[in-house]
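J.: Model the placement of chains S and Y on the given structure of chain D, informed by the hints.
Protein chains in written order, with numbering that gives the first Met the number 0: chain D, 0 to 269; chain S, 0 to 269; chain Y, 0 to 269.
I should point out that these hints are in silico values taken from the structure, not numbers from a laboratory.
Please note that the accuracy of each hint is not assured.
The list treats identical chains as one, so a pair stands whether inside a single copy or across any two.
To be verified - The calculated lysine-lysine pairs, modelled on BS3-like cross-linking and capped at a C-alpha distance of 27 Å, are:
no., residue 1, residue 2
1, 252, 145
2, 145, 101
3, 206, 75
4, 176, 220
5, 70, 251
Computed from a prediction, not measured in an experiment: that's the story for all the values here.
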Amino acid sequence: MDQEIMQKVMDEVMKRIGGGSVISPEKASDQKEVPTASVQNLVGVTEYVGISEGDTIGLVVANVEPMLHEKLGIDKKFRSVGIFSGRTGAGPQIMAADEAVKATNTEIAVIELPRDTKGGAGHGSLIIFGAEDVSDARRAIEVALKDLRRTFGDVYANDAGHLEFQYTARASYACNKAFNAPIGRAFGLIVGAPAGIGFVMSDTALKAAEVELIDYMSPTKGLSLTNEVVITFTGDSGAVRQALIAARSIGKKLLGAMGAEPEPATTPYI
Amino acid sequence: MDQEIMQKVMDEVMKRIGGGSVISPEKASDQKEVPTASVQNLVGVTEYVGISEGDTIGLVVANVEPMLHEKLGIDKKFRSVGIFSGRTGAGPQIMAADEAVKATNTEIAVIELPRDTKGGAGHGSLIIFGAEDVSDARRAIEVALKDLRRTFGDVYANDAGHLEFQYTARASYACNKAFNAPIGRAFGLIVGAPAGIGFVMSDTALKAAEVELIDYMSPTKGLSLTNEVVITFTGDSGAVRQALIAARSIGKKLLGAMGAEPEPATTPYI
Amino acid sequence: MDQEIMQKVMDEVMKRIGGGSVISPEKASDQKEVPTASVQNLVGVTEYVGISEGDTIGLVVANVEPMLHEKLGIDKKFRSVGIFSGRTGAGPQIMAADEAVKATNTEIAVIELPRDTKGGAGHGSLIIFGAEDVSDARRAIEVALKDLRRTFGDVYANDAGHLEFQYTARASYACNKAFNAPIGRAFGLIVGAPAGIGFVMSDTALKAAEVELIDYMSPTKGLSLTNEVVITFTGDSGAVRQALIAARSIGKKLLGAMGAEPEPATTPYI
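One chain only, chain D, in its complex shape (with noise of 0.2 Å):
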């Protein structure tokens, strides 16, 4: 009869209090799934694609409004836009983006970087697909909010902050827009928050494998008033998921050190 009792209080109280405002910000996103179709006819609007990690909608528009369209500033060929719009992480979002310009008929038009992360120390994103056709322009959304899956896989996150590592064999359009990564190349980034786990991680990679520094970026030079280091960089392959490696098994111990272990926000991939 107890547990009755406690059951029926910890059901008002959850209630009561919501759901998602007593996880940590930089987690919330871990809840989300790809949405399925069922979903998207509930939602019942044309433009929607679907949801992913790191709050992140899906979107399209066939035909953008002229005085719109001028606005973005793009190729008018392009009258059909994807649009991939997250509250957390640029990283994970701009490596998608990544694989979705790889895979279909699309040019990458915009990439913002809000400060965001919902109460966290780092980015949101808007990354806009142009395409000729809007099938191209949702096939590329498509893609771009399943591999987001996989791009969250080595974002780690605990109270105090985030840890991030991406790798790609080959960059492609988004990686070069972003961080002007050589088209075809590997290409590694690695982000730690606060900022001076970054730079700590930022000296070990440099340090543990022979790769070319693209860019240093600290929270007012290069970034949106994050609270992060990042560093990007290219070589061969195996040097850059060395660098990769080593950075992370030393930004784990630190951020690990100011609050709870770091865990990953889906499945590592590096």
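T.: Only chains S and Y this time, still in chain D's reference frame:
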């Protein structure tokens, strides 16, 4: 008796976890009322006028200290200022300030938009009115604090983001200063977060009615790194309202697909 | 027996909703202690020095990797760096760094202020010390981590915002680099969020004592889009303290009118 225990436990739980912290940041402001005289006496500070929606405080300074006055860069004759400062929201505060400036003998001296919303995706606001007399400054703040309950009426939020719609039949100086709204004409504002939802709402609005786009703003273009797309527009008052209503309809469906049903902060007015 | 059930339920509730998430973000850091040697061994990373208030981590790198060193743009002789990186607070960290630079053979190489405070209204901080020898860098970080408990003493917060007051009888290189404080002179700093409270505190401070205003900063002018007004000033040490005390008195009343009584993060020192 079960009921009694339940109530006792709930009271204890609510006391220990605190009211504010378990409500999603975008909704935390719902609880506030325009303060009564007794609250004001309790504060015991002559500069205090009141508080309202969106963690907004209204203040006046009768004679701004000269060094500070110079830093503000406003006309010397405005020795008094009214200060309207909110954690959550810029649009609602600007629209309320627009009514205040119409109703009083004041000018809009400063509009600055921090990145805030207490962990949400949008702006906070700092609006300073200049006045020759402190009674005018106080009156402007009183009008703005009161009108803020109305202008939060078409702000909708859930844990994933927020939507905002504003309408005035006749824009005045605050809308002009903040948004380049033509003075005396109907004016509409649409805000969507995450940004992708703002984009689709903008496209829908511009297709729904014959309105004239004033501006298109995105996270790094015209906004304070918020995760929003914002459009402003003018036109015939019926067309402006029609565009707003069309955007609101699709926006609520899209944001609702990412989380709970988006609820208005107060009572919709459009 | 009611008592027993109550306790059991409360334990369960607290376990399920998690300790961290029900504390206001501005206060979450109160729980941290300056780490002991055993913690350090637990981390097992030579770069780790310790953690302190405001989710701040202290780190050292003995020999910064050459490509990274070049990106920092600091003198080549400073091959070692000390890194002082916090999620919540810039003023407390800068004041603590000021003491560290006085006490050690180091220089302030970098001060960058992200928009952070974990969903609060203010900054985080990234401060990098340059040193010719890693033992000097380590010593600087140790001094700064320890002093941070003091400099968080006049930081007051509630769910609606925060107030900060800092004082030094003799400003050194960190205050000079971050705030243009004249070296060797008394220096005061006032921060208020939401910004309107900072404005009224600034006005009060400048009227309360004969001090010289160094700078006035607002969300988009000199700050990283925080929802704050900040002033910095110098003068006779008694006057600087008098101005700070007057501002603190009115600030606590105004912020208290918006929410709970603002509590100091540690022990007030002014």
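J.: Looking back at the hints listed earlier, which ones does the structure fail to meet?
T.: Those not satisfied: there are none.
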